[in-house]
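Number of protein chains: 2
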Amino acid sequence: MTVIGIDVGGTSIKGAAVTDNGHMFDTFTIDVSRDEKGSDVLDRLAAAIKEYMATHSEIGEVSGIGMGVPGVIDSKRGVVCYSANLPYWSDLEVKNIMEKLTGLPVKITNDANAAILGEVKFGAGDNCETAIMLTLGTGIGCGVVLNGQLFEGNEGKGAEFGHSTLMVGGRQCSCGRKGCFEAYASASALIRDTEEAIEAHPESIMKTIAVQFGKVNGRVAFKAAREFNDPYAIEVVDQYLTYLGEGLLNICNIFRPNLIILSGGIANEGTYLFERIQQYLKDRDYGYKNSPEVKVVQGKLGYDSGKIGAAALFF
Amino acid sequence: MTVIGIDVGGTSIKGAAVTDNGHMFDTFTIDVSRDEKGSDVLDRLAAAIKEYMATHSEIGEVSGIGMGVPGVIDSKRGVVCYSANLPYWSDLEVKNIMEKLTGLPVKITNDANAAILGEVKFGAGDNCETAIMLTLGTGIGCGVVLNGQLFEGNEGKGAEFGHSTLMVGGRQCSCGRKGCFEAYASASALIRDTEEAIEAHPESIMKTIAVQFGKVNGRVAFKAAREFNDPYAIEVVDQYLTYLGEGLLNICNIFRPNLIILSGGIANEGTYLFERIQQYLKDRDYGYKNSPEVKVVQGKLGYDSGKIGAAALFF
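From first to last, the protein sequence lines are chains C and H. Numbering of the first sequence is given in the numbering used here, commencing with residue 1 and proceeding in unit increments. Numbering of the second sequence is given in the numbering used here, commencing with residue 1001 and proceeding in unit increments.
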């Protein structure tokens, strides 16, 4: 079976044909602007898909189109309810519109859900029963697979683990509440912590590294801590890992997954990150002496997880 | 179909025959002591069940025995891994032993899981798809039903929502971590807050109410706030509801349930509790304008939820 997997982002939409054994063919891309009407984008997307199918006979017969879209998605009805990055997609009946335009069955889900489905079926997940994937980026995207199935919550609006409080009355979060996991463990939060540490301690090597990178990003503190043993960077990283660790512990105690998959730039920090986080969990989870081991690993599919996972809505 | 539902507690075990339409017959009780060997208790329990069946012909043919046990339970294997209140039940193969003793099929689960199953199938849950039940007692028991099925996590050891951090580095929790939901929103936490407020403000009416009740319990601050408008009690209740509300918001954002069921003594506080909590959630959940409504209600089955739910493992 071959399905077209579509990954909708804030600035571009990428697509590719994917087979049910996880093989991905050539990709295509169309640009998106925040200001374009959603239905106009879908017209262009449908045209791009038809063009792709017409020029890629090697993909064989296509059975459907799977789409991952950022925002609040009602996956049963196939509607984008609200997307912060795509304001003109609100209440857009993506499934109906795309089915009419292409004549193919269409399924949609949240982009973080698509990503975990891709990883569990064809990447780091190795078809495990219960897995959680966190994408540590501007925010924290979260996908949940329970008993081999995507868990989306009532009306497909759950699994927003990034918006669970880690600190009542704590840092302001973009969602309006204070103290969300996302406000402490996203890449944005790490960058803010790094900036504050550089401001308070301009003698830190982090300042030099930031100049080399051209900006303060999520790698600055990790590099300064790992390679230069910079005390201020170590403090930033330790604090970050504590918050990330506490959030992952919550996931362990609630879902007791076989696997936690981390993706996003921070997940590239390798063993320095994963060994410490693994130990943090091992030492602290509830009933830990009697708890099954939880592995924390990096995603394997990178940016392709969205396309492959969107297609996997059909597999 | 009739099943014997067994609710194992720290001081007694209660049982009753339950039909698959939720009717419960006479109950029976046997005492339990912390110091008794688990297999000896099971011998006595099996004898009590046989006696009950022999003297209650009206229950008809019995198809199995369902058991709810406090602690860490491997429900697939039917083993009690660890129970804080029943130390001599560790690694006890309850399912195998009870099947041999009674000749009937046996299923076991955690007591909080049994309670929610009872409520969802025959009580406040009204057979809804996705529900969470919290029992606000010494700790916080949590049961989760997703898509109509009990969710127990890998090896049946998940759904420990009481042990998710609400305050990193906060109050010491019995599980070893700091800042767990349980350390802020259990009845024990409310009692501690009330005691501290009385200590700090001996002029508070809470002191008089506590004397009337014979002790500081979970009702003192609620009664002083509701009936006497006591400022210190209002402060205690407001703080308690904030923590409870934040925990429930986390549940909403993660699971997006149709229903949250509260049980335990605090759930008897009626509209004063439920109206405020409902409003707290309505004002703050993630994507609230586009989120399905979550109802927060009191459990209907009271202490019978454990027996009825344990039997419902077969329905």
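These are calculated hints, taken from the structure and not from any lab test. Source: prediction; values computed, not measured. Each residue gets a CB set at the ideal place from its N, CA and C atoms; glycine is no exception. Wrong hints could be hidden among the right ones.
[Stated by the list, open to error] The following residues of chain C were derived to be distant from chain H, with all beta-carbon distances above 12 Å:
#1 L101
#2 I205
#3 Q279
#4 V297
[Stated by the list, open to error] Selected chain H positions facing chain C (Cβ under 8 Å, derived; list incomplete):
#5 P1257
#6 N1258
#7 P1292
Here is how each hint holds up against the structure:
1. Against chain H, the non-interface label of L101(C) holds: every CB pair exceeds 12 Å, the least being about 25 Å.
2. Against chain H, the non-interface label of I205(C) holds: every CB pair exceeds 12 Å, the least being about 27 Å.
3. The beta carbon of Q279(C) is kept farther than 12 Å from every beta carbon of chain H, the shortest such distance being approximately 15 Å.
4. With a least CB separation of 16 Å from chain H, V297(C) remains clear of the 12 Å interface cut-off, as annotated.
5. The restraint placing P1257(H) at the interface with chain C holds, with a minimum CB-CB distance near 6 Å, inside the 8 Å limit.
6. At its closest, the beta carbon of N1258(H) sits 6 Å from a beta carbon of chain C; the interface hint therefore holds under the 8 Å criterion.
7. Of the supplied interface hints, the one on P1292(H) holds, with its beta-carbon coming within about 5 Å of a beta-carbon of chain C, less than 8 Å.
In terms of the numbered hints stated before, the structure departs from none.
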